[in-house]
Each structure stands twice: as C-alpha cells, then as structure tokens.
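Participant: Listed below are the residues making up each chain.
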Amino acid sequence: DAGVIQSPRHEVTEMGQEVTLRCKPISGHNSLFWYRQTMMRGLELLIYFNNNVPIDDSGMPEDRFSAKMPNASFSTLKIQPSEPRDSAVYFCASSFLLGGEQFFGPGTRLTVL
Amino acid sequence: SQELEQSPQSLIVQEGKNLTINCTSSKTLYGLYWYKQKYGEGLIFLMMLQKGGEEKSHEKITAKLDEKKQQSSLHITASQPSHAGIYLCGADNNNQGGKLIFGQGTELSVKP
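Taken in order, these protein sequences are the chains called A and B. Numbering of the first sequence is given in my numbering, commencing with residue 1 and proceeding in unit increments. Numbering of the second sequence is given in my numbering, commencing with residue 1 and proceeding in unit increments.
For the record, the hints were derived by calculation from the structure and aren't laboratory data. Misleading hints may appear alongside valid ones.
Each computed DSS-like pair below joins lysine-lysine, with the alpha-carbon atoms no more than 30 Å apart [claimed, not checked]: (1) B:Lys60 to A:Lys68; (2) B:Lys99 to A:Lys24; (3) A:Lys24 to B:Lys38; (4) B:Lys51 to B:Lys27; (5) B:Lys60 to B:Lys111; (6) B:Lys51 to B:Lys38.
Have a look at the derived ranges for each label pair, beta carbon to beta carbon [said to hold, decoys possible]: (7) B:Tyr30 to A:Phe96: 28 to 34 Å; (8) B:Ile44 to A:Ser7: 19 to 25 Å; (9) A:Pro70 to B:Glu107: 47 to 53 Å; (10) B:Glu54 to A:Glu62: 36 to 42 Å; (11) A:Pro70 to B:Gly16: 49 to 55 Å; (12) B:Gln80 to A:Arg109: 41 to 47 Å; (13) A:Leu113 to B:Ser26: 33 to 39 Å.
C-beta: ideal position from N, C-alpha, C; glycine also.
All chains, please: the whole structure from these sequences, using the hints.
Facilitator: Given below as structure tokens:
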C-alpha cells in the first residue's frame, strides 16, 4: 500500500495568496484527519472526517481555513488568504476506524512570506 | 498549563542503555497513542493503549498505561542509534475515538 499521500511536499507563497493542500488517505480507511505542527504549538488537530463527513472542526483556527472531503479518496485543506503565521507543517492522517491507529502522511511544509 | 505533558523534553543516552519517557494527562485518558517522528518526516505509529494496566511491547519498546494516574510510560531497552528521534504521545480525553491531543514530544539522541 502506498500509505497516505500528500501534495505538495513543500509550498512557498506570499501573504494573501490562496493555498490548497491535498491528501489521499489509505484505501479503505474511513476517517481522515488534518493536523498542523509548529515549534511553538506542537501538533494540533484541525479537523477530522468520518465517512467523508466533517465531525469536529473546532481546531480550525479561523474562517480563512476550510477543509473538504468530496469522496473517500481525496481531501483538501484550503487557506484563503494566507498569512505568515500560517507557516507550519501540515499533516494528513487516516485510520480504518475512529479510535484506531492513525497513519500519517509525510506532511506539507508551508512557508508564507 | 499543558493538557498533556511529556518528560523529559530531551534525552541523550549512550547506546545500550535503557530509558523511559513519561506522558501525563490532566484529564481522563480513554486512549493513549505513542508515535515516533524523525525530523522533517511524518509520524510513525508505535503503540495504542486503551485499558488501565495495559502493557504492550514491540521489539525493544514497551509502553504501559496507568489509568488511575492518567499516565503512560514508554520504555526502551538497550537503546540503539536507530531509536533516535522525537517521541510523541497522543491522548483521547473525550472518548470520541480519534480526536487526539498531543504532547510536545521528547527528543531522544543515542550516542554510539
């Protein structure tokens, strides 16, 4: 199995631009998670889906952030407009069941100038 | 204050030595997950503990859950350079199965 796939691996953009991060979960997994990791705040859960339905988005920092899961094999995290404080590594993870082990992707390193 | 605290924050050990990393929650633990992360990479799942007193082992790594103390420990026996990395614990404090909060991590270096 290919594991969780994220793209792009690195993204450098300018403040005010729209950023879209993409994730393909492991085939057959029903839950998908978006995390953000920074030195200051550590690893934080932003939002998670179960069977393509958003369950909890209380970790999404602002209205500038939005996430979608149009089907079982694809999810996006969008930041519009981006700000320098959004610079972080964004991870996507998936699990077969809620509460089961989460498998993490390699992450997208986002730099907003 | 942190909801999930790990100690120590960093650790340097000589190859072959044993070590323990602790993870303490300020809230009830419904599940505790241990992950390892290498710099610039994603997290690798190590073990999941869900019952008080539960203990799991994989190769030279053992994790235990003390539900009453709201604490888990990760013990590495006869450490090797391959054990180096950042160890993170993640906790389910809401019994929602999936909504995890993570500790700040423990950075482990193993000197050959």
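Participant: Confirm or reject each hint.
Facilitator: Against the structure, the hints:
{"no.": "1", "hint": "B:Lys60 to A:Lys68", "result": "violated (40 Å)"}
{"no.": "2", "hint": "B:Lys99 to A:Lys24", "result": "holds (20 Å)"}
{"no.": "3", "hint": "A:Lys24 to B:Lys38", "result": "holds (22 Å)"}
{"no.": "4", "hint": "B:Lys51 to B:Lys27", "result": "holds (15 Å)"}
{"no.": "5", "hint": "B:Lys60 to B:Lys111", "result": "holds (17 Å)"}
{"no.": "6", "hint": "B:Lys51 to B:Lys38", "result": "holds (28 Å)"}
{"no.": "7", "hint": "B:Tyr30 to A:Phe96: 28 to 34 Å", "result": "violated (18 Å)"}
{"no.": "8", "hint": "B:Ile44 to A:Ser7: 19 to 25 Å", "result": "holds (20 Å)"}
{"no.": "9", "hint": "A:Pro70 to B:Glu107: 47 to 53 Å", "result": "violated (38 Å)"}
{"no.": "10", "hint": "B:Glu54 to A:Glu62: 36 to 42 Å", "result": "holds (39 Å)"}
{"no.": "11", "hint": "A:Pro70 to B:Gly16: 49 to 55 Å", "result": "holds (51 Å)"}
{"no.": "12", "hint": "B:Gln80 to A:Arg109: 41 to 47 Å", "result": "violated (29 Å)"}
{"no.": "13", "hint": "A:Leu113 to B:Ser26: 33 to 39 Å", "result": "holds (37 Å)"}
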